[in-house]
Amino acid sequence: MDATIQMMLQGYIDGLDGLKTDNEGFKQEIADFKKELMAFGEKENDPSTFFTHFQDSGMMGKYMDLSTKITLAANASQEAESGEKKEKHIATPSEWLEPFRTAYDFIKDLPIRERGLAVYRKLFEIGEKHTYITEFLAEVEKENLLWKLTSEDTLGILDITLSGMDPLYKALTYSTLANIEAWKQSVCEADAYYLQDLFSEDNAKTPQKLLQPEIFVTCLAVHLITYRGPNGKEGILEMIATGNCPKIKFMGCASSMVVGKLRVRRTLDIIKRALGLTFDDIMADEYLKYKLISTSNVCGLSKAYVQSNPNILDILADAYHNEIVPDLSLIDAIRREPTVKFGRWRMPEDAEHEKAGKMAREIFKDLPYFKYEDQLNSGSIHVGTGEGFDINVPNKTQ
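All residue numbers in the sequence shown are consecutive under my numbering, ending with 409.
Rather than coming from a laboratory, the hints here were simulated on the basis of the structure.
Among the hints, erroneous ones may be present.
Claimed, not checked - Capping the alpha-carbon separation at 25 Å, the derived lysine-lysine pairs in PhoX-like fashion look like this:
1) 73 to 45
2) 181 to 283
3) 119 to 140
4) 46 to 119
5) 302 to 369
6) 80 to 159
7) 220 to 283
8) 159 to 45
9) 382 to 119
10) 133 to 195
11) 80 to 38
12) 181 to 195
13) 133 to 119
14) 153 to 220
15) 369 to 352
16) 300 to 181
17) 195 to 119
18) 352 to 302
19) 153 to 133
20) 133 to 159
21) 45 to 119
22) 140 to 159
23) 195 to 80
24) 302 to 216
25) 54 to 216
26) 181 to 73
27) 133 to 220
28) 302 to 366
29) 260 to 376
30) 376 to 181
31) 140 to 153
32) 366 to 376
33) 73 to 54
34) 181 to 216
35) 159 to 38
My request is simple: use the sequences and hints to build the entire structure.
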């Protein structure tokens, strides 16, 4: 299972484990749902779409329904017990908070729960201020702390996930940012359901729109490389330099130049009409210009990449401005000496990819996402509880 998805599921599993109930039926429902959670996580491969699928599949609704049902039953049981003993004893704030202290102790060492832990500490702080239960509960209600135990936990998961994303990758970050905003705005369970429904409708279309510039520019990159790369002009220059010019290979590279140039011009015309962007606009955009590079992601949520050619942007700009825009003939384009040498063109080998991944993790080691992922990878976090679906994440370095 993807480590990021494990991290996301961890928050929900811990939330279920923190529910206090002696009802055997509820315990079985918790066990069954956690199995369903883990099975759902095994089918998900893309952390960026996890929350959308989690909501659309109904799993979020099941989680909230189960949590609410058990919490309400526990409260009803506590009220009934209090009713039986009301003549003898009225619970103090400290006594009322005992189940919350148990839950707090259970999750206090999990960094992903820090936002929720802060709510627990606020509860305890209010409890210390009051002698009478009514005054205590009035302040708790005023602060809406019981709902925040759920919402802040979820926001903690989302915040940690967001910290591992490339902030320029809007199509990836949009869903998470929108989900964060929905949870920040929610003030109760019904509100959360409503806002999640709105989020799901919006999320079905907006990220696809945000992907359009990336898709267009990626197509442009393919056509530029067709023109200028090893199967285009670079291939011809190499044949000329070595004196080895097989006719079929030469004609193939020449055809790539002709076709590549036509497709570059046509694609840029489409981009201009659809997005209002020129080639120079793309090169000036800190995110889009890297879609002109063949990159390979080296960490879970696209925070860092390795590229195929160290000076590819300069190479493509040189070809575009000095050959494609002036519309040089094929012969003139071949004769023209490039101002930027092509260099290597290959995707990173496994060892290089691994090295780049380690460098990225060192650079981002202080981000919450990578701190938590390190704990997952070291096996220091136990993901899931209950017979039949325990997952101890192994140390991948061993």
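Quick rundown of the hints versus the structure:
1. 73 to 45: holds (11 Å)
2. 181 to 283: holds (20 Å)
3. 119 to 140: holds (22 Å)
4. 46 to 119: holds (24 Å)
5. 302 to 369: holds (23 Å)
6. 80 to 159: holds (17 Å)
7. 220 to 283: holds (16 Å)
8. 159 to 45: holds (22 Å)
9. 382 to 119: holds (16 Å)
10. 133 to 195: holds (18 Å)
11. 80 to 38: holds (12 Å)
12. 181 to 195: holds (20 Å)
13. 133 to 119: This hinted pair holds, its Cα atoms lying about 14 Å apart.
14. 153 to 220: Violated: residue 153 and residue 220 sit about 41 Å apart, past 25 Å.
15. 369 to 352: violated (29 Å)
16. 300 to 181: holds (14 Å)
17. 195 to 119: holds (22 Å)
18. 352 to 302: holds (20 Å)
19. 153 to 133: Since the Cα atoms of residue 153 and residue 133 sit roughly 13 Å apart, the hinted pair holds (cutoff 25 Å).
20. 133 to 159: With a Cα-Cα distance of about 11 Å, the restraint between residue 133 and residue 159 holds, given a limit of 25 Å.
21. 45 to 119: Holds. Residue 45 to residue 119 sits at ~21 Å (cutoff 25 Å).
22. 140 to 159: holds (20 Å)
23. 195 to 80: Between residue 195 and residue 80 the Cα gap is close to 23 Å, so the pair holds against 25 Å.
24. 302 to 216: holds (22 Å)
25. 54 to 216: holds (23 Å)
26. 181 to 73: It is violated: about 30 Å lies between the C-alpha atoms, which goes past 25 Å.
27. 133 to 220: violated (41 Å)
28. 302 to 366: With a Cα-Cα distance of about 22 Å, the restraint between residue 302 and residue 366 holds, given a limit of 25 Å.
29. 260 to 376: violated (48 Å)
30. 376 to 181: Since the Cα atoms of residue 376 and residue 181 sit roughly 23 Å apart, the hinted pair holds (cutoff 25 Å).
31. 140 to 153: Judged against 25 Å, a Cα distance of about 15 Å means the pair holds.
32. 366 to 376: holds (15 Å)
33. 73 to 54: holds (18 Å)
34. 181 to 216: holds (13 Å)
35. 159 to 38: holds (24 Å)
Hint check: violations occur at hints 14, 15, 26, 27 and 29; the rest are consistent with the structure.
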